[in-house]
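With chain F's structure known, arrange chain G on it following the hints.
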Amino acid sequence: MKVKVCVGTMCHLMGASEILTTIQEIAENNPDIEIVSVTCPGYCHIGKKPPIIEIDGQVYENVSVESVHHILKGADK
Amino acid sequence: MPVRAGVTVKQLNKHGEELCGDTVKVKKTSDAVIVVLSDGLGSGVKARILSSLTCEIIVTLFEQGIDLKETVHTLAKTLPVCKVRGIAYSTFTICIVSEDGEVRLINYDGPPPVIVKRCRLIDPRTLGVYRNIEDRKILDVRFNADPGDVIFMMSDGVLHAGLGNLMNFGWGWENVAEYLRKAFVKYDSSRKVVETVMELTNNYYASQPGDDSTLVGIRIKEKKNLVVFTGPPLDPVMDSYVVNRFLSHKDAAKVVCGGTTGNIVARELGRKIEVDLSTTLDDVPPIGKLNGVDLVTEGVLTLKKVIVIFKEHGMDVESIPRGRDGATLMARMLAESEEITLMVGQRINPFYQNPSLPFDMSVRYNLITELVSLLEKAGKKVTVEYF
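Chains as they are written, first to last, in my numbering: chain F, 9 to 85; chain G, 11 to 397.
The shape of chain F in the complex, shown without the other chains:
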């Protein structure tokens, strides 16, 4: 599972660092997760709400430290 975490301006302001730390913690027990931090892919330009992550091509917006657990669990199934 390839998880791209946006660390661009908007996502940084909206807490991308915390999201990234949370995903890194989850990834410690899940070797299938590959984390890639990326500069702004531009999803916020088309109305998606930051922080934004992308899992295997699927875009998730307005991600929080709490919701990222569910998103990763859901994507893992």
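Please keep in mind that the hints were generated in silico from the structure rather than gathered at the bench.
Heads up, some of the hints might be wrong.
[Stated by the list, open to error] Pairs of lysine-lysine, BS3-like flavour, derived with a Cα cap of 27 Å:
#1 F:K12 with G:K299
#2 F:K56 with G:K314
#3 F:K12 with G:K282
#4 F:K10 with G:K299
#5 G:K314 with F:K57
Remember, predicted model here, so these are calculated numbers, not experimental data.
Only chain G this time, still in chain F's reference frame:
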């Protein structure tokens, strides 16, 4: 190799005086930097008037290419005559650093400048002879400087520190020169040397300087140019042209400032940006690495922080704290550069206009305007191109 000069000045007023009787004037011309130090007769207001007039006349005439003889003649005819002593007098030391590395040192009646070249001390009196102009003995020498060399100019207040107090004859030129050399070898920073030596001078005077004291450090540096590409072009059709234009600055370091901008450059180069998360700060997103570009940073937050750094620490690269974050790296690169091109794309991320954000994010233009003003105030040649 083209060079530039980084100038640091530190002064002490004679005890009890509100004004320093020494004046330093720095003028950048198209191909040289002219630094003039003058020590006016006496102290306080009278000395200051004499020394500032001397500096102004020298800088103005040298800028116009007037020769030394004519300049000294003008000084002799222009300076007001002291009613008490019946003479018009002020010393001067001139240092002209040309872009091609040639340095011209001119000294009249003040302590000779100190040259530290490849960690070795050079007495400028060994480089030439005194000329006699209008009955004045004036040292006028030239030599070639390399990046890393430094020239110190001082007024006699520095030499006389400790006179009759800690030392019989004061600090003296030889001792000051050797101390400057050792301190420069130790700190590798002309600013630090100037600050340290002036603190010591003040201590030798027991914090009550008996004369106005000035020390000027002129560090010879390699002349660097920088091009910054920030913001995506208004029309995406222009992307390829702007990136090619950006990359065509062969003799300049290259900074991409902005995530989307970075992606555009990466796409045109057919490469990927690698984000270095270890450089993240609370208020500055991480930098990226892209082959062919010296630095990739986030956009507006980084620009905003660069401006804060300049406002807090000034534009002297030696005074900007070291750091690995995008703002510090960009601030240091800007501070080190003489000629800067800013390529500004005007496309705005629509989300930036969200009123819930901590500040108006659509203001890249305002940030650039403020940055340009700071850079120009520091004497840098700035070109801004909008796309």
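Hint-by-hint comparison with the structure:
The hinted pair formed by K12 of chain F and K299 of chain G meets the criterion: a straight-line CA distance of about 17 Å does not exceed 27 Å. A distance of roughly 25 Å separates the Cα atoms of K56 of chain F and K314 of chain G; the hinted pair therefore holds under the 27 Å criterion. For the proposed pair K12 of chain F and K282 of chain G, the alpha carbon gap of about 14 Å is at most 27 Å, so the pair holds. Only pairs whose Cα atoms come within 27 Å are accepted, and K10 of chain F paired with K299 of chain G is accepted, the gap being roughly 20 Å.
For a cut-off of 27 Å, the pair hint linking K314 of chain G to K57 of chain F stands: about 23 Å separates their Cα positions.
Of the numbered hints listed earlier, not one is contradicted by the structure.
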